[in-house]
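Trainee: Read off the chains here:
2 protein chains.
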Amino acid sequence: MKIFDDFLLRFVAYDQIAFEAFKALLSKEMLQIPKKDFIFKDGDKIDQLYFIVEGDLRGFYINDKGEEITSDILFAPLLFTDNYAYTNKITTRLNLQTLTTVSLYTIKLTELEIMITEYQTINSFFRLYFSFLFNVNNQRRLSYIYETSEERYLNLIKQHPKVIENIPQHYIASYLGIQPETLSRIRKKIMKNN
Amino acid sequence: MKIFDDFLLRFVAYDQIAFEAFKALLSKEMLQIPKKDFIFKDGDKIDQLYFIVEGDLRGFYINDKGEEITSDILFAPLLFTDNYAYTNKITTRLNLQTLTTVSLYTIKLTELEIMITEYQTINSFFRLYFSFLFNVNNQRRLSYIYETSEERYLNLIKQHPKVIENIPQHYIASYLGIQPETLSRIRKKIMKNN
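In the order they appear, the protein sequences are chains S and W. Residues are numbered in my numbering as their position in the first sequence, beginning at 1, plus a constant of 586. Residues are numbered in my numbering as their position in the second sequence, beginning at 1, plus a constant of 586.
Source of the hints: derived by calculation from the structure; they are not laboratory data. The structure presented is a predicted model; accordingly, all values stated were derived computationally and were not measured. Careful: at least some of the hints might be erroneous.
As the list claims (entries may be wrong) - Heads up, incomplete: computed chain W residues facing chain S, CB under 10 Å, no partners named:
(1) 593
(2) 647
(3) 649
(4) 650
(5) 718
(6) 722
(7) 780
What the hints assert, rightly or not - Stretch by stretch, here's where chain S covers chain W in the computed footprint (C-beta under 8 Å, at least three residues):
(8) 700-709
(9) 724-730
(10) 737-748
Don't be surprised by glycine CBs; every beta carbon is placed ideally from N, CA and C.
Based on the provided sequences and hints, a complete structural model is requested.
Mentor: Here it is, written out as structure tokens:
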């Protein structure tokens, strides 16, 4: 499966035996999840990693006022799970929802843990992948110090031009930590300047 | 060095050969950095990892208004560097300042990278350490969704009781993303209730 190999190759050099062993852990069937469905929900136990082949998703939390707060906007291809819930053996508080039809494979995390210790290329892959995720997350946290809402929005659409096409604006506003009206003003200003 | 072994043992099982190889990369001398000095500053090239043996530090950024924003409050023992600047080969924007006298060893990152590929226990250590850092960072980001300023402050002093003794209050307020006056109100309320 070329898309999976290509994903691994973003972090490690080709290693046929290790890559094949990793691919052997993918679910036999590629699953099709309809738009607006859930991969997992607040309260679920996390025991799988998801390789998202195609489609867009969002992660959201419910705050104590009962409001949905979009914490993640995700685009295929990617590997995703709630790593915090899994490593701490607690149920997740995250809701992972499809925004389009999504194609994915599942990987059992208990099987993956064994394989990581057997194939050092996979061990390195996850070390480098976690380093990458840590950096992305840290930069995102720091963007609230450095950048204005407008700069954060411009960076988001620069990195992910599909955002404008497919993602409802109120999810983007929530993700940027601003009111929908503020996002609407920013978009009008940008369109006027172009 | 027991403190270094103990730190590694929080993430991986004992492996004498790998642990000794890792310790051989530590600078020969343990350095003593005076209070209010800098480990590195905005604009510096990052080529070392720091093993902080004793002391407290803070990381801060300068925003576009010229204000210091405290992004990290750090307590020994820990391993620290600006991983984003190092992996992206850019100069850092972070200022890492000592809040007390700090004792530390330095590790050259180019030497560490070679060693990681030779000792799989160290490869695993960094995979698990990055997973841990990713989780800590992600939870901190999400605490701004879940929690009030008061809850964030209570969690901080629960996890790090030394915070109240050693860290100037305006750094803590900045770290929590609130005004010093708000932190002062929260502290008075908590003292009144105890």
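Trainee: Work down the list of hints and note, for each, if the structure agrees.
Mentor: Results for each hint:
Given hint, residue 593/W at the interface with chain S, is violated; its Cβ is 17 Å from that chain's nearest Cβ, farther than 10 Å. Residue-level restraint check for residue 647/W holds (minimum Cβ-Cβ distance to chain S is 5 Å; threshold 10 Å). At a threshold of 10 Å, the smallest CB-CB gap from residue 649/W to chain S is about 6 Å, leaving the interface hint in force. Because the closest C-beta pair between residue 650/W and chain S is about 7 Å apart, less than 10 Å, the hint holds.
Because the smallest distance between the Cβ of residue 718/W and any Cβ of chain S comes to about 8 Å, under 10 Å, the interface hint for this residue holds. Interface restraint check for residue 722/W: the shortest CB-CB distance to chain S comes to about 9 Å, inside 10 Å, so the restraint holds. A hinted interface residue such as residue 780/W counts as satisfied when its beta carbon comes closer than 10 Å to some beta carbon of chain S; here the least separation is about 24 Å, so the hint is violated. Only residues whose beta carbon comes within less than 8 Å of a beta carbon in chain S count, and the region 700-709 of chain W has 4; three or more means the coverage holds.
Figure legend: the region 724-730 of chain W, annotated as covered by chain S; annotation consistent (5 residues with Cβ-Cβ distances under 8 Å, at least 3 required). Closer than 8 Å: that is the beta-carbon criterion, and the region 737-748 of chain W has 0 residues meeting it against chain S, so the requirement of 3 is violated.
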